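K.L.:
Numbering (my numbering) for the sequence shown: 428 to 747.
These are calculated hints, taken from the structure and not from any lab test. As the structure is a prediction and not an experimental result, all values here were calculated from the model. It cannot be assumed that every hint is accurate.
[Stated by the list, open to error] Okay, derived cross-link-like pairs now, SDA-like style, lysine to any residue, Cα gap no bigger than 20 Å in a straight line:
#1 K541 - G585
#2 K443 - R433
#3 K576 - Y557
#4 K501 - R631
#5 K579 - D537
#6 K627 - G492
#7 K542 - G492
[Stated by the list, open to error] Simulated restraints, written as ranges between beta carbons of each label pair:
#8 D638 - V472: 28 to 38 Å
#9 R620 - E562: 43 to 53 Å
#10 H474 - T644: 20 to 30 Å
Where a beta carbon is used, it is the ideal one built from N, C-alpha and C, also for glycine.
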Amino acid sequence: MRKLTRLLSGLLWDRKAAALTEFALVLPLIMGVGLLGLETAYYTVMHMRVQQAAAHIADNASRIGDTSTIDQRKIYEDDIRDLMIGGDIQLKALDLFEHGRVIISSLEQDQATKKQWLHWQRCMGRLGWYSTYGEAGGPSSTIKGMGPKGRKVSALSGQPVMFVEVAYDYQPLISASFIGTHTMHAYSAFTVRADRDLSKIYQRDDYAPTDVADCDTYEDLEGNPGDGTMINEPGQVDGPGTGGNGNGNGNGNGNGCGQGNGGGQGNVNGCGNGNGGGNGNGNGNGNGINWGGDQPGGSCDGVPNCRSGPNPNAVDDDDD
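Put together the whole structure using the sequences plus the hints.
P.N.:
See the structure below:
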């Protein structure tokens with residue numbers, strides 16, 4: 428017993444290896460801060476690469492087509508596929524079509540109505556991501572342009588714009604526990620560089636047609652499908668938007684639900700909780716608030732859950 432007591436007493440007053448012990452205590456904190464900084468720097472670099480991917484593909488999409496200087500250039504389905512392959516080669520480190528999705532849209536001006544419309548779209552990638560700024564349709568499905576509210580781009584007569592969206596599921600360098608999981612989203616637009624045949628995208632060989640990069644399929648270049656999980660909701664005009672985004676489904680979302688302030692501006696049938704489950708929402712389910720300024724005559728008479736005054740989330744169409 429005396430030997431044990433002397434041993435414990437000696438350990439209590441022993442000052443050897445104190446620095447090593449202190450270093451061992453603070454090492455987890457130092458490593459945590461260092462790894463967090465490394466992960467943050469990597470995230471920043473990857474975000475820049477996603478933006479570069481959108482710019483590269485949009486720029487290349489504006490150049491594709493026949494090399495004829497006499498006729499309007501035709502574009503072919505294999506041009507689109509070559510475009511996707513080129514993007515994958517340029518940005519090999521991203522593994523873009525495995526973890527992301529590229530959406531190429533031809534924004535054009537209708538010759539008859541002079542309005543903007545999406546003539547065609549081509550998509551590639553396994554990530555379940557809808558086009559944020561609209562879907563292709565006939566000239567009757569007109570829009571005011573493509574891009575976020577206040578920064579829309581539009582096409583001039585006979586000069587289509589190649590608008591490219593890239594969505595990418597961030598792959599952490601170390602661990603998702605540092606900054607979480609994120610889906611990066613970038614876009615870029617370039618005006619077509621030469622006269623282009625705008626009638627359609629052709630097949631170079633009708634007897635051996637190239638597979639169309641259809642936006643209803645979610646596959647990589649080798650045809651491997653995604654898991655079918657959709658990350659976002661179909662967009663309309665203003666994309667993810669402001670105000671309701673994060674707690675709502677965003678600006679222009681047709682049937683978005685939101686919690687908090689603004690469950691999506693321009694929301695037709697919002698079921699939001701809190702302030703404004705959609706501008707002028709007369710059909711809101713749940714706890715959406717109606718505003719007197721949106722009602723006929725500017726009055727709340729007979730309107731449930733209504734507050735007098737103008738809607739603070741109202742959208743000014745002139746800003747589009």
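K.L.:
Please write out, lowest number first, the hints stated earlier that are contradicted by the structure.
P.N.:
Violated hints: 7, 9; rest satisfied.
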